[in-house]
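Asker: If you want the building blocks of each chain, they are given just below.
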Amino acid sequence: MNSVILQLAAKYLRWLLISFAVLALLRGHNNPGGGFIGGLMAGLAIVYKGFAFNAFQVKEKLLKRPERYMGLGLFLILLSFIPSVFAGKPLMTGIWITVPVPFFSGIKLGTPFLFDIGVFFTVIGVTLLFVFSLTQKK
Amino acid sequence: MVYILLVFLSASLLIFILPGWLKKQKAILLSFVQFAAFIYFLSHVSEITSYHSKSIFIEWIPQLGLNLEFMLDGLSMVFALLVTGIGALVFLYAKDYMKSYAGTDKFFFYLMLFSGAMLGLVLSGNLIQLFIFWELTSFISFFLISFFHEKESARKAAFQSLYITGFGGLSMLAGIVLLGSVVDSYSFSDWLSNANAIKESNLYLPGLLLILAGIFTKSAQFPFHFWLPGAMQAPAPVSSYLHSATMVKAGIFLLARLSPVLGGTPEWTYIISLTGVLTMLTGSYFAITQTDLKGILAFTTINALGVLVLLLGINTTESIKAAMLFLFIHAFYKATLFMVAGLIEKKTGTRELRQLGGLIKYMPLTFVIAFLALLSMAGLPPLLGFLGKELIYEAKVQSPGIASMILILGVTSNIFMVAVSLYFARKVFLGKPGNFPKQPNERGAAFLIGPGVLALLSLVLGLSPGKLGSAVIKPALSAVLGEVAEVKLKIWHGFNQVFFLSMLTIILGFLLYVAMLKKDKLLIYWKKINDVVFAVQLDEVFAWVMDKFVAVSKLKTKTVQHGYHRLYILTIIVFTSLLLWFQVFVTRSWNFDIPFTLRPFYISGLALVIILASAVSAVSRSRIVTIISMGVAGYGISLIFLYYSAVDLAITQILVETLTLVMFMAILQKLPRFAVLSSKKTRLRDFLIALGFGSVMTILALKAVNVNLNRSISDFYLENSYLKAFGENVVNVILVDFRALDTLGEVTVLTIAAVGVYLLLSKPKSRKL
Amino acid sequence: MEIILAIVVGLLYTVGVYLLLRRSILKFIIGLIFMSNATNLLVFLSAGLVPGSPAFVQAGSGSSAPLADPLPQALVLTAIVIGLGIVVFTLALKYKFFETTGTDDLDQLKKTDN
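Residue numbers (full-length UniProt numbering), protein chains in the order written: chain A, 1 to 138; chain B, 1 to 769; chain C, 1 to 114.
Isolated chain A, as found in the complex (with noise of 0.2 Å):
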């Protein structure tokens, strides 16, 4: 596909939609969106200017493995249960501390919002991978 209007959009829809996941991924708690509505997002934000351009590509500048994110989405996860370890309580068990924010009453962070950081990068990965490994070239 070498549409000019398509990769003009690409190139700046692309932060756009990534931005807006990353909103959906931060409101997730209270309002409708989350790490995987998030992580589908942004992989497909990817996915939409790997589409333009030419996937291959964009492969190697942007995400040279895909398979990273998933480990970090991972890695996160597995951090974000360690702190109730350390609280004394069963594994698992959400820790909330809250961040004093002038102007506002305080934003509340916890190990729950952690965990949903970790799905969303791990939904990411999984979704290039997925899409990478079908559309290549041999």
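Not one of these hints is a red herring.
Only pairs whose alpha carbons sit at most 25 Å apart, straight line, appear in this in silico DSS-like list of lysine-lysine:
| id | chain 1 | residue 1 | chain 2 | residue 2 |
| --- | --- | --- | --- | --- |
| 1 | B | 670 | C | 94 |
| 2 | B | 724 | A | 89 |
| 3 | C | 96 | B | 670 |
| 4 | B | 346 | B | 151 |
| 5 | B | 518 | B | 361 |
| 6 | B | 521 | B | 432 |
| 7 | B | 99 | B | 346 |
| 8 | B | 99 | B | 438 |
| 9 | B | 156 | B | 554 |
Label-pair ranges, simulated between beta-carbon atoms:
| id | chain 1 | residue 1 | chain 2 | residue 2 | range |
| --- | --- | --- | --- | --- | --- |
| 10 | B | 685 | C | 101 | 24 to 34 Å |
| 11 | B | 562 | C | 86 | 21 to 31 Å |
| 12 | B | 574 | A | 86 | 49 to 59 Å |
| 13 | C | 86 | A | 91 | 20 to 30 Å |
| 14 | C | 101 | B | 579 | 27 to 37 Å |
| 15 | B | 105 | A | 91 | 43 to 53 Å |
| 16 | C | 58 | B | 181 | 53 to 63 Å |
| 17 | B | 579 | A | 91 | 34 to 44 Å |
| 18 | B | 712 | A | 65 | 41 to 51 Å |
| 19 | B | 599 | C | 101 | 47 to 57 Å |
Hints in this document: simulated from the structure, not taken from any laboratory.
Yeah, the Cβ is synthetic: ideal placement off N, Cα and C, and Gly gets one too.
Given the coordinates of chain A, work out where chains B and C should sit on it, guided by the hints.
Answerer: Same frame as chain A, but now just chains B and C:
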């Protein structure tokens, strides 16, 4: 008691790691272990008086009613003494016997393991545990019969015995479970205290028959007896230990063990006595025409097993007393004779009766030993065998019901036994020297200790049986009867009916022997008649059945495993539909209180779009149209999710649908077009099956809607989502907090799938799947 | 509405099974997707339909208002994503199969193991 089993197990394993100089003496060492165990049991004989028993209870899987229970009562004592005592002698004998063969480590390992399993069997107080040891002995017997596995006949015999005893063992397990369900326990003591409940239950007869199948196969009863002559392929120590003295008696043991629980009913008496009589007759009848030494002994063993089963079937005090005594008698003389037969084969190179003769010149001591054993087998005074025969006759005379028939058959079979014993002694040891392949001698003391000791015991105990009766037989009898019984054994009973029967047996037996000796033709004719009358050999029938079984299995596999993927799916779907339709039919009376409405119309419209898109997807010939209409259906479903308050779901569905479409499009250009592969008829059939399944799923969905689900879990999540997990989006909170473990599993599955796809597609083309 | 959706479920199953029984592998995979969609909808439907009140609770309190049941939604969400994994994996398998054998016919699967 448990330690002895552990010692046996470790001793059997130890064989492999012994240093070289000790390894040469392994038979002696193991024999010593056996002897020590024998002394241990002997030292406890006085404790196990009458009804008293020792028991040990170890919890294993109490939830399933499986516990390790060991009990040592009079009955176990009899068998424990036989197993360890004869074991010690057999190991000693095997030392010389096995010298010339390779793989003796393995042989002694199996033999030791066997005696451990056999001990475990007779000491078991739990029937499931007993079954485990029971099967263990069958398996080890398989390995021992096939010890000379280079010979095809040995392999065949080993498999035959494994199939038969294995089949019996499994049906016995079924019987144990069946009867165990009546009293809700597998512990023998529980069975004993609920004996009447078991006997009155509906499951009594099937349970009894199943257990008897196990007993009869193990103890080579008619019509399963034919595996025992086959098992003579094993080395002589095995024949003498497993196939005459101990393993085949396991069935007798279980019969005696269960007789206070299951015995006393007409079913018990008739089934068991009849089987015993038939076996007894079969054994002695066919023993006469055998020309192979071990063959003769195998059939006389069958005869003895039949006698034992018959005695337990008669189930009177007298008969059980006779059975317990006969157990010893038979073990003594038969183990001796097997060892002698092995010795003769070793020394002369043959065990064919026709090639033997005059051995008394070369092996005088062997002759004495064998002669004593043969006299005991024939039941002549003053040996223990005579005592046993007297008791057996007495039991038969007093047996209720069918006494006269049993008596006539019993006397007939004993006449055969007398003739066979005398014929054996005459043909092997007396007369002209045969043409032996090897020049015989009598070197090797270890060869003679085993049979010598046993033969002497037959004689000594025959002369003064009092101690044996009061110390060993009495507790055993009491254990079987469930009440204290007196046992006084003496050799002279006075001139009574039994004595005259004995005399008659001996005289007729002697006459038969003379006839056999004088007229060689007699035996040949006899054999010919047998070949005609018993043209159908049971082992051939068995082989035929096994062949057919395999053939049917092959046919079945070919039919069921046809290799057509869609037909497998078809089978699954059709079967599932039928089950679901059946369930719908069974629960057909239900109230449906949801009104039919088309409102809101845009959802009805959406439903119509989904239906149309799906239909198009199913029938379209174009790949692009199929995939796009599939996408339309998927997006339609996501809108339904959206309308009915499942926002996250809708977004996910849209994204996944998009990704799926992208991937289909990506791969489509590399794949061939749809071809028309099925005929119209096939498609119609598939459509009808699909419609059947779909419509039942519609009914299922309606019923599911109608069910008032218990929402307590959902309510918990709704209530605690913010309070405990600080999240307003409950679905997300469930995914990342409440059920994070499930999500972890899901993400892991996705990762594995991704890696799988990557590996599948990135490997070079040359590597085939 | 439940009745109409139940019919939709049944129809999705019908299409799914019909496609599963085709010899073409591509159709088989599409059938798989229909089956998975149908099952998702069935689970969703059986929890009861609640229009217009998604399972969002107010900050700072537990809510007792009649909200949609979040549990089946979470289940179906998981199922959708897993379904994607399955479909892509079968797709990859199918592609490899075609590459190796050069056919799309499932009946040919029979012969490939010798």
